[in-house]
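Protein chains: 2
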Amino acid sequence: MKRIYSILISFFLFQFLNAQYEGYSEESWNEQLKIEESFFRNIDKTSFKKHLKKLTERPHVVGSEGNQEVIRYIGEVMHLAGMKVTNYPYDVYLPKNPGTSLIEIVTPYRDVLNQKEDIIENDPYTKDPELWKGWNAFSGSGDVTAEVVYANYGRKEDFETLKSLGIDVNGKIVIARYGGNFRGYKAKFAEANGASGLIIYTDPQDSGFTKGLVYPDGPYYNPSTIQRGSLLTTDFTGDPLTPFEPALPLDSKEKIERVDPKNAQLHTIPVSPIGYGEAEKILSQMNGDPVPQSWQGGLPFTYRLQGGSSLTVRIKVDQKIDFVRATNVIGMLKGTDAPDEWIILGCHLDSWGFGATDPSSGTAMLLSLSQTLGKLKDEGYSPKRSILIGHWDAEEHGVIGSTEWVEQMREELNAKGVIYMNFDGAVSGKGFGASSAPTLKKLLVEASKDVKYPYTDQSLYDFWNKENKNEPPIGNLGGGSDHIAFYMHVGVPSLSGGAGGPNVYHSNYDSYRFYERFVDPEFQMGPMVEHIAGIMTLRMANGDIIPYNLNRYASDLEIHFTNAENKINIYNDEFNGFPLSKEAIKSLEQTSDILTQEIRKYLNNGSFSNKNLSSINQQLIDLEKSFISDKGMYFGSWYRSIYASSDPFSGYAAWILPGLEYEIALKSSDRLYEWDKRYSDAINSLNIKMSELINYLNK
Amino acid sequence: MKRIYSILISFFLFQFLNAQYEGYSEESWNEQLKIEESFFRNIDKTSFKKHLKKLTERPHVVGSEGNQEVIRYIGEVMHLAGMKVTNYPYDVYLPKNPGTSLIEIVTPYRDVLNQKEDIIENDPYTKDPELWKGWNAFSGSGDVTAEVVYANYGRKEDFETLKSLGIDVNGKIVIARYGGNFRGYKAKFAEANGASGLIIYTDPQDSGFTKGLVYPDGPYYNPSTIQRGSLLTTDFTGDPLTPFEPALPLDSKEKIERVDPKNAQLHTIPVSPIGYGEAEKILSQMNGDPVPQSWQGGLPFTYRLQGGSSLTVRIKVDQKIDFVRATNVIGMLKGTDAPDEWIILGCHLDSWGFGATDPSSGTAMLLSLSQTLGKLKDEGYSPKRSILIGHWDAEEHGVIGSTEWVEQMREELNAKGVIYMNFDGAVSGKGFGASSAPTLKKLLVEASKDVKYPYTDQSLYDFWNKENKNEPPIGNLGGGSDHIAFYMHVGVPSLSGGAGGPNVYHSNYDSYRFYERFVDPEFQMGPMVEHIAGIMTLRMANGDIIPYNLNRYASDLEIHFTNAENKINIYNDEFNGFPLSKEAIKSLEQTSDILTQEIRKYLNNGSFSNKNLSSINQQLIDLEKSFISDKGMYFGSWYRSIYASSDPFSGYAAWILPGLEYEIALKSSDRLYEWDKRYSDAINSLNIKMSELINYLNK
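Chains as they are written, first to last, in our numbering: chain A, 13 to 711; chain B, 13 to 711.
Quick caveat, the hints were computed from the structure, so don't treat them as lab data. All values derive from a computational prediction rather than experimental measurement. The beta carbon of each residue, even a glycine, is placed where N, CA and C say it ideally should be. Don't take every hint at face value.
[Stated by the list, open to error] Label-pair restraints from in silico Cβ distances: (1) B:E479 x A:Y708: 50 to 58 Å; (2) B:Y685 x A:S306: 42 to 50 Å; (3) B:E169 x A:D155: 50 to 58 Å.
Between the sequences and the hints, there should be enough to build the whole structure, so can you do that?
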């Protein structure tokens with residue numbers, strides 16, 4: 013006990029010695045430290061576990077009964093915690109179940125392949141009758157029998173390699189392994205190359221015995237483990253029938269124009285996933301050319317590109333796509349001083365099976381956080397800004413619930429959205445990671461210094477910054493979760509963070525049983541993630557001025573432009589860089605430094621009115637909008653941020669300066685001048701807004 | 013035909029446009045170009061294939077009948093080519109055959125493991141009755157039954173990892189995979205950690221189905237393929253009983269003092285190799301802790317550190333070590349102008365089986381080269397310096413034949429050795445690679461520009477310099493072949509080069525049949541390697557002044573000292589570099605530039621006598637000796653070069669500035685000042701020799 017006290021004391025000392033945080037006057041910061049201490053004291057360390065157990069009682073795919081129960085439970089918990097709870101319903105066009113499917117080897121002998129995880133002794137979850145077979149949502153329907161071609165990860169470059177090797181994919185069934193891109197692109201490229209069907213499997217080298225012990229002996233995929241997942245690859249995000257618009261219920265008063273399903277951007281070939289135990293039965297019988305070395309996986313034979321004519325395989329999928337009700341649940345804790353400035357947290361609520369790590373660990377953490385904020389409010393500490401906690405439905409089918417909500421609230425978010433923090437499956441292991449917009453990186457880093465990492469005597473910061481660099485590793489936001497619409501469509505500065513580790517991603521094994529055996533048997537990570545999420549939330553909510561780290565724009569931009577220039581120089585000798593943008597960055601660097609100092613001075617003066625603060629904060633919220641362009645990206649105008657997008661050739665990777673990255677991916681130089689112009693205009697606009705704010709502060 | 017002519021013509025044009033080569037007067041260089049052209053014309057493109065077929069008729073392990081035949085054949089070919097042939101016999105202490113051995117699983121059920129390659133249909137070589145089972149020369153003899161521990165590659169750091177994981181190796185049989193170090197160190201570290209026996213196998217991830225198709229479908233190891241090889245790890249190189257001295261025959265007049273075999277540095281535990289098909293039977297039954305990720309191999313299960321008590325394995329080896337006659341065969345073509353300046357080429361002659369790639373492809377190339385030089389001599393082009401071609405025996409047991417010869421000729425080599433070029437297995441594939449002392453790198457590079465690479469229209473230079481850098485990749489000389497004594501014991505500048513590719517290294521499958529199927533079915537690479545070897549030989553033999561690239565010393569030293577400083581800074585914050593050596597390098601840089609210019613001027617003047625040239629060349633030969641220290645290395649004083657050695661913790665890797673590398677490996681700072689002194693003394697000595705030569709040239 014003594015030891016814990018001394019750790020706590022040293023933490024508090026550390027906090028008080030800390031310089032006051034940006035955005036805070038001295039008085040506010042002292043108050044804030046008390047609030048954060050009270051938050052930590054109020055965390056119920058048993059709460060995360062209770063919520064997780066409850067949320068994962070049943071599989072809860074969007075539209076299922078289990079999902080309805082989860083929605084009710086989430087609303088109830090937040091309501092009891094004192095939040096105002098609102099449900100946002102949508103009618104989304106998606107397949108609500110696998111329909112029927114079949115994969116079989118036809119020749120040289122018939123062998124119907126298993127499509128569902130093995131039942132494990134002593135794990136009752138694995139025999140739950142509500143569990144479904146492995147499937148890929150948004151598969152085409154069809155029944156084909158053909159020879160097979162192995163396409164590695166099914167990336168753009170993999171199909172290009174096949175072509176360069178003279179291997180014809182036309183009419184064949186492609187077998188590709190998970191990894192390297194968003195699975196929908198495997199289907200897109202297979203289809204574009206004329207394939208008649210696609211089988212996706214997880215190779216043991218990517219998650220299986222090659223990585224470590226397999227379920228139930230360890231946390232990696234066993235031969236029957238199957239990754240489920242959506243294949244949706246439209247050139248926007250969300251419901252495939254309602255780009256830019258919310259998929260409001262079919263019977264709602266406000267009528268939304270919907271794309272005719274016949275014209276929707278959907279795949280047509282049958283696609284189905286499978287475990288490596290069954291994939292081996294196909295792969296081991298292939299007899300064509302040996303694969304390039306990097307295509308070799310972990311099964312015990314040399315992989316081949318073609319199956320040969322003696323091996324034929326059948327894939328049959330009959331999957332109905334229809335309107336399904338998806339419901340977001342949003343709780344709000346109204347701000348005392350600035351109710352129209354929104355601090356938004358979120359995690360999706362739908363899953364593929366029990367969804368213990370993905371997403372429910374994030375959901376459970378947010379529910380516990382709601383309760384802690386409720387207790388804080390009972391102690392008299394209401395936040396200055398409003399705190400919104402969004403539980404998004406239908407994320408698994410294509411990041412749909414959050415996107416529809418953003419599209420519905422576009423104008424409000426434009427004016428009120430201070431920050432979006434995504435916590436998708438945020439307590440999935442004992443590691444820690446984060447991705448962030450430039451202005452929020454410091455928030456993550458500073459908060460992590462005031463959180464204790466369990467299982468050690470370290471702070472989370474020390475644990476996270478293992479390599480002892482200037483800053484712990486913070487990634488860029490890519491695709492694949494609910495920050496997309498917030499950040500890339502409307503320009504709300506966003507971050508994503510949490511605890512991670514090896515797990516049985518998107519499989520029937522991702523249950524509470526798995527969680528307590530392999531993710532965090534001691535249930536210490538939930539409260540830890542809640543602690544940092546709480547500190548970040550409260551710091552953003554209570555600063556007199558929104559504590560964006562303003563001078564990070566210029567330094568990050570400088571790095572990203574230099575990276576882009578280097579990449580362009582590889583294919584274009586004569587390219588001379590982006591002079592307009594580089595010049596604009598230099599100027600921005602000076603302005604943002606001055607603005608940072610002026611804000612500090614303003615706060616130290618101590619004489620400010622709520623009205624002035626509101627105006628300052630409105631101007632701050634407006635800064636990120638400099639990067640929002642109605643014209644958007646050439647690969648899809650729904651992607652309106654010219655600062656960040658997901659990679660439109662892989663779906664998951666993060667593209668910073670996507671206008672340039674797209675030219676680079678095409679090895680094009682045609683639009684480099686245009687982009688220098690558009691980027692420098694955006695940066696100069698940001699610069700002007702900052703200058704105006706400096707003037708305002710000096711009035 | 014027309015196309016070939018135009019290629020030839022463009023090659024010749026290129027040569028004549030070439031600036032005259034260093035060490036040559038204009039007149040000599042014009043003559044030299046004619047000689048090189050004649051050499052190329054005289055290469056008999058069928059000769060390599062004939063020699064290879066003959067040399068690989070029978071297995072030819074040192075001491076065997078097959079080996080005696082190879083020795084006779086080599087002598088005969090060189091004699092007929094017009095060389096003076098001398099045999100150098102030694103009586104070496106080594107095991108001349110496997111003796112008896114056994115590996116079996118004892119519990120949970122008895123299973124005797126196969127120790128010999130499978131017979132392959134349509135490959136008569138594989139059933140040759142002279143082939144032996146897999147074995148490791150210099151194994152201890154013994155018969156132990158014990159539990160097993162997996163030790164990854166059996167490197168120093170692997171045993172340290174086992175220790176840090178609390179895994180006791182004491183009394184256990186270690187199973188380790190080939191790769192990562194010289195196999196003898198696996199035995200050394202296993203023994204030092206108390207293991208009772210060692211089984212070494214080749215993992216399919218390192219050479220097997222993971223890499224590509226396996227024999228007979230492809231060039232990689234099949235489940236029964238076994239790597240043979242010596243385990244000798246003394247702190248010197250060569251015969252284990254005669255460090256520093258030649259192992260002259262027991263009945264020779266000159267008596268050599270021999271170490272008592274009881275006191276020789278030999279292993280005591282039984283060690284035997286095995287194929288991965290059999291290793292799998294042990295590894296798949298192990299049930300201890302899963303391995304660290306990087307220890308996982310390519311077999312289809314998660315590897316474990318311990319076997320557990322239910323699994324016991326027996327290894328029994330009875331291997332007799334005794335005196336065996338080894339015979340080097342050396343052919344000499346006497347120089348016309350400077351017979352006492354020696355250009356030495358070499359490759360070993362002994363093998364583990366048929367030895368088609370290793371070593372006989374190198375032997376066959378050198379025999380063809382002898383014949384081409386013979387024809388050149390018949391045309392009136394005798395070399396100015398003497399050319400020696402050494403075929404070394406007993407290399408496989410520990411680089412013995414060449415080492416004994418170097419020890420025998422130490423004083424002569426000191427005065428006469430201009431260069432040693434090693435061609436061990438030099439035609440083993442269609443790739444190309446080389447390692448070299450600094451002063452010979454340019455020789456390799458420039459020669460490669462004048463050689464055509466077959467199967468393309470490229471020069472060897474263009475093929476080799478695929479990445480289009482300033483220079484093709486040239487490695488540093490490490491351990492593992494016959495350059496060791498020349499370069500690291502007496503300081504003759506050395507290089508090693510040749511064609512390589514995937515092959516069935518040290519196995520019974522390395523036959524002529526394998527060669528013609530997978531190495532080079534068209535037999536184009538032999539003449540190509542002969543061509544570059546011939547150009548390098550003739551350039552070194554005929555330059556008025558020895559064409560060392562003198563200003564490469566300083567630039568390479570600068571890089572290596574900076575690398576060493578960076579490595580030391582990792583464990584020693586306060587380390588301030590090597591000021592004495594860095595200063596000496598700066599000065600050397602200037603002097604060597606001046607010397608290079610002065611040599612050019614001297615040659616352009618045109619008025620030089622043979623006597624003067626001889627004195628200049630003696631001074632040049634003496635330069636490299638600045639790095640030869642009688643005190644030698646702390647890890648073994650036989651390693652007298654302070655410039656280069658093999659890594660004494662792994663056996664194969666190259667250590668440049670080994671005095672520093674040893675401190676770094678020990679994370680020691682104790683001798684850094686001492687080494688700065690020793691290195692700067694050596695560099696300053698080199699500098700003084702160069703300055704004296706400048707004075708001599710200006711006399």
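Hint by hint, here is what the structure shows:
| no. | hint | in the structure |
| --- | --- | --- |
| 1 | B:E479 x A:Y708: 50 to 58 Å | 56 Å, holds |
| 2 | B:Y685 x A:S306: 42 to 50 Å | 47 Å, holds |
| 3 | B:E169 x A:D155: 50 to 58 Å | 55 Å, holds |
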